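Student: Take a look at the letters that make up each chain.
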Amino acid sequence: MGETITFWILAVVSVSAALGLVFSRKAVYSALMLGVVMLSLAVLYAVQDAPFLAAVQIIVYTGAVMMLFLFVLMLVGVDSADSLVETIKGQRVWAAIAGLGFAFLLALGVGNATFAAPTGLAKATEAAGGNVPSLAHLIFTRYVFAFEVTSALLITAALGAMVLAHRERIRPKATQRDLARARFTGPQPSPLPGPGTYALHNAIDMPALLPDGTVADKSINRVLARHEMEGGFTPTDPVKAALIKQVLERDAAQDRDSDSGDEPVQAEDAAPRQEDGK
Amino acid sequence: MEPAEIIQHSGGVIGVSWLMVALPLLGAAILLLFGRRTDRWGHLLGVAMSLGAFAVAVAAFVQLLGLPEAQRRQGVRLYEFIPGLADMGLLIDPLSISFALLITGVGSLIHIYSIGYMSHDPGRRRFFAYLNLFVAAMLLLVLADNYVVLFVGWEGVGLASYLLIGFWQFKPTAAAAAKKAFIVNRVGDFGLLIAIFTIWTTFGSVAFNELTGGAVDGAISSGDASQGTITAVGLLLLLGACGKSAQLPLQSWLLDAMEGPTPVSALIHAATMVTAGVYLVVRSGAFFEAAPTAQLVVTIVGVATLLAGAIIGCAKDDIKKGLAGSTMSQIGYMMLGAGLGPVGYAFAIAHLIAHGFFKANMFLGAGSVMHAMNDEVDMRKYGGLFSVMKVTAATFMIGYLAIIGFPLLSGYFTKDGIIETAMEHNQILGWLAVVGAGITGFYMSRMVFMTFFGKRRWADDAHPHESPSVMTVPLILLSIGSVFLGAFLILDNRLMRFLAPAVGLPEHLPGFHPFSVPGLTTLALVAVGVVYAWFRYGAAEVPRLAPRGSFLTTFARRDLYGDALNEALFMRPGQWLARFAVFFDNRGIDGLVNGLAAGIGGTSGRLRRIQTGYVRSYALSILFGAAVVVGALLYVGNM
Amino acid sequence: MTTHYLVLSALLFAIGAIGVLVRRNAIVVFMCVELMLNACNLAFVTFARQQGNLDGQIIAFFVMVVAAAEVVIGLAIIVMIFRTRRSASVDDANLLKY
Amino acid sequence: MPWLSTLIAVPVLGAVGVSLVKSDKLAKQLALAVSLVVLVLTGALAYLFEPASKERFQFAEVYEWIPRFGVHYGVGVDGIALVLIALSAVLVPIVILASWHDADGTGAAAPPKRSVKTYFALLLVLEAMMIGVFAATDVFLFYVFFEAMLIPMYFMIGSYGGAQRSYAAVKFLLYSLFGGLLMLVAVIALYVIADKGTFMFPELIGVIQDPTTQKWLFAGFFIAFAVKAPLWPFHTWLPDAAAQAPAGAAVLLVGVLDKVGTYGMLRFCLELFPDASKFFTPLVIVLAVVGIVYGAIVAIGQTDMKRLIAYTSISHFGFIALGVFAMTKDAGAGATLYMVNHGFSTGALFLVAGFLIYRRGSSQIADYGGVQKVAPLLAGTFLIAGLSGLSLPGLSTFVSEFMVLIGTFERYPVAAIIATSGVVLAAVYILWMYQRTMTGPSKEPAHVMPDLNWREIWVMGPLIAVIIAMGFFPKPVLDVINPAVDKTISSVHIEPFTPAVAEKKGAGQ
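Line by line, the protein sequences give chains A, B, C and D.
Residues 788 to 1065 in the working numbering are what the first sequence spells out, letter by letter.
Residues 53 to 691 in the working numbering are what the second sequence spells out, letter by letter.
Residues 12 to 109 in the working numbering are what the third sequence spells out, letter by letter.
Residues 1005 to 1513 in the working numbering are what the fourth sequence spells out, letter by letter.
Keep in mind the hints are simulated off the structure, nothing from the lab.
Only a predicted model underlies this, so the values are computations on that prediction, with no experimental measurement involved.
Please note that the accuracy of each hint is not assured.
As the list claims (entries may be wrong) - When the alpha-carbon atoms are kept at most 30 angstroms apart in a straight line, the in silico DSBU-like pairs for lysine-lysine are as follows:
#: 1; chain 1: D; residue 1: K1447; chain 2: B; residue 2: K223
#: 2; chain 1: D; residue 1: K1377; chain 2: B; residue 2: K223
#: 3; chain 1: C; residue 1: K108; chain 2: A; residue 2: K876
#: 4; chain 1: D; residue 1: K1377; chain 2: D; residue 2: K1058
#: 5; chain 1: D; residue 1: K1219; chain 2: D; residue 2: K1333
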């Protein structure tokens, strides 16, 4: 009776935690949910005559593995939430169908089988005198080879992790000298004109004026400008609108000259290039 | 009397009669293999080889005459050609030796003439090589003792003709004419080949001595061969003959063949090769005599061609083409004769030999004129040449008189014989042949009047002169033959009796009736033709540019629309078919294959898209797989 | 009772599988894999008791060990990928395609 | 002495040697020397061969190869195989000499320089394969050589060919593999159904009796051979492959490799499956006749010299297949002789075309004209090669074509008559090509189109000599072929041909 109650409580807990693991947006929550599942399972192991495994489950899994997960989460960025928009067409539907179908089939299989009352492990552990000694006996006799191989695996994994996680600097760190040289060999040694240098307006989408009063092309954010023109958001200020239009026309002329690619792509490209330049 | 049996023999000159073929062949081989090194003396070698063959032919002829009639068919077996099918063997009998004499005799004269005619041509050595090759092939044709070897020679002369018509290959017209000649000839050869196949499958042999009249009759009477088979053989042989002899409907190549040098026209396209068809029909007499239908077709083809050739000859301003039309017409007479049985054979062969002389004579004369007139061939630019080249003109006139059948000259006897024999067989054919003779009188006179008489219509830079003696001597010799040969061969039925061992002898030997109705009518019609030609071309002014003429003139000028017909019926559809076949091959068959490949490629390309690179898609398919496995296990477990 | 444990195990396994299929964050995917492994372990332990045989527990033990090794390597790889790509989304690593 | 094994081994060792030497020039000379050694050995073999011998296969060698499946290394020759081996042995030195500069990267088209040693090594390997395939008396060994032949040829087309070489090479390989795999299925099925525990050809004759089985196995073999030969409508790979391959490789491809197809029909299809052969004869004859006429018509419409020659070969392969399936002695012997003659005649045509293309850098007919004026020797050899392509009497192809046609006429007159029309079409395609390329006013000055040099004369001379000699005196070759063909035909158990007037033969008057 006690086992049944334990089971039903833990089953509900573990299944809901598993669902939480799958459906929570933040990875940290998922990790915590996994911890809950593991702990529940540890209890279920203990209930099922496997005290050693229950301990190992708590120590190794919940203690070590979960900590590792959390560390990595820290490294990757703990506060980022995943986008829940599915990009692969039909993936969710089919995943649900396949997963539930699979569960259904397994359940059907299990349900079809009729089990006698569990034999229990009392008899098996009797000879060695308890669960742990019995396991130890088996591990160091029948399964000794597998055990040794496992140990080799663990060592290898440890080494592998070190090798993989180690970051090697391939190129020397850029010195100030290098940066300066890169800047002066580039197309634009001086800073790009800031918006509004000689401006009457204090706005990012307002072109700067050069000392002679003409527009400084490079000071206009193309993305913003184009967006405004195409979206019909013409500035109320006629001077501003005229300036933006002038720049855009000049751009269009350049596009035609280079006649490569379609326009939207170039427009998108234009913005980062400008940023890099600055 | 039936033809005599062939005796295998190898004694005397007849035993080495293969030299007739071998000598010119050797000459050709030397001239071609050693190339420019033989340039200086190559023409002499060519002439020597031809004369050598002539000498062997004469010696063999003499030996043959010395034998009793029953032994006058001598076989010379050289070696096994195609085991089980045919031997390389020669047959020396009166028929073949007559041809051999004509070929080597006229051939040698034309060789000699060519020394002069081709003296300025850089390819003279090559020319003589081809001439020798021709003589060898032609001799193989007539000396062969079975159809397979005959076919070898048959195509050999075709090759020589191809090479010689296209001798000036840099002239596109010459190259095209050569090709045309070969291809049209091949159409005839197609018939000849199938005839040989049929003969082989019916009789199990292709050797002449097993294909006698008796064998053919025996096969028909025993039911081994149907009358239809024999008729088919006859018609197929006729198709072959038509190709080689430029008979309707395969006549179109001959006029174009005049692109070749004039000696070639004289030797191949007048005297010898084009008469091979007549030889074939006469040699295959056994089949034709057993197939009256085939014989009738032969005579119809002959008459049709003799009229067509004559009509074409009337409208040609090109002297060589005029002569070519005349050749067609004269071979039509021979074909007519060859379709009339043993009597006709003799007249046909006689006319053939006489024609060989007078037509070669006239062609060479025409060559001499052209030589003098800077290779001008348009008769409208001749006129009044008699006074400047007397020898050429005189010999040409003799040939002319011979061909129109001027009494007592060669043509008179031989053509008359054919006409009379035809008359006995079929009145319609006979009278048509008479009409043909009249037209002959007209067009030949037209040619003579336009060339040698009337006003001089020469080009400004023309300075005609008599040709050198190396050219005129052959002309004189040939004209002598043109005068006397007819009388010699026909009177006393000399040729008929000589040929008897080869082709058989008719029951009643025909007499010579100089004053029969057809004979007199022929003479009268010829006279009318000559007089009419005199009024049109002798007395009247000949315009330097051809007048447009009536519909009939155009009809004749365009070769009776033979070329147009060929073009419309064969060439255009053929080209269209070839284009379609290429299209079908590229788009149809290859398109199917490539389409299949493209289909598989496209399907793979689309299937490839399943590999999105997304691990999760792959995982999904793994899960599906696992579910299927579990399901299958359950299903199997529950079974 | 055994049936209950096994159905629970299947359910957890399926949830883990669905998680692997629908989540794009490599770390979460990894967690779901761990969940699936744990579900298996539960089944092993259940069967061990059912059969009265300790081998099931031994296997579960080995699974845990191997899972630990796997987590170590897997996380190291994730870290490395993240360093170069600034992303831990499994969909970004899709070069292995047609 | 193991003659045939030596014949196969010498070129293989030669190929290894050629690929090991340092200089290109030495490699060429070594390759030529090796091929000449093979030629001499083949000459000795032919000398020792006894046509009248009772043994079916002479110089036979049989060693176990895979005992588990009864696969043997079994070689031996009869007359048919001997003449084809001789054909290969004669052609290879000529091809080597003709290909002297093919891989050098010289020539008017300025092809890129490629490995010379590899090319000549491949040629020698190919020679070994060709000899092996004709000598094999074990069906499995035949299959192995049949497929192995493709590999050197694939590389020769694919790396040394013209602009479209990779397309052509892949098409060639896929087509051949398709056929080859069908044949493999049939070979295995033959082994299993025959249940003799061996692949040796002589022991498999007459084993398959069930008509349905015979038909299926026949189809497996026949399709492979029909693709290889190639018979209409499996032919479209050939024009591509032949047009793209370097001239020398094209010679071996069309001259020898494709003969394996018709050889296989004669040797395997007819003897192993006589009843099925008889059953399928109408179909095959229709295909052959269609191929003859169709190939000729398509050839007339070609604008590319090498493609034109390839299509003429399709027409000629129609003749060979017709001869094989007419199942008369004349046609069979004619077909076998045709295989040899066609190798020489088409080889000559391809080589002369290759010389032309080397000089001018184009295979388009329209790019030539008046060559005869500047290079008479070249034009002359081209004409002779062409004339042998149109079966002019006096040249070797005539004898074979005549025998095929007359033999076919004995049994299938209608097919023979239609096939004979190919004679006319042949004149059209050859002479028209000659007219367009060689005659007329010359298109280029003499220095662009030099006449044949001595090397090229040595290439063409022997070929033309063989063509003419065999045209007038085919008896020695026919004497070798005839007994073997008789044996093959007699194993089909078909009524031999007798002329209608058999009893009157020699009666005369």
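Student: Let me make sure I understand: some of the numbered hints might not hold for this structure. Which ones are they, in numerical order?
Tutor: 4
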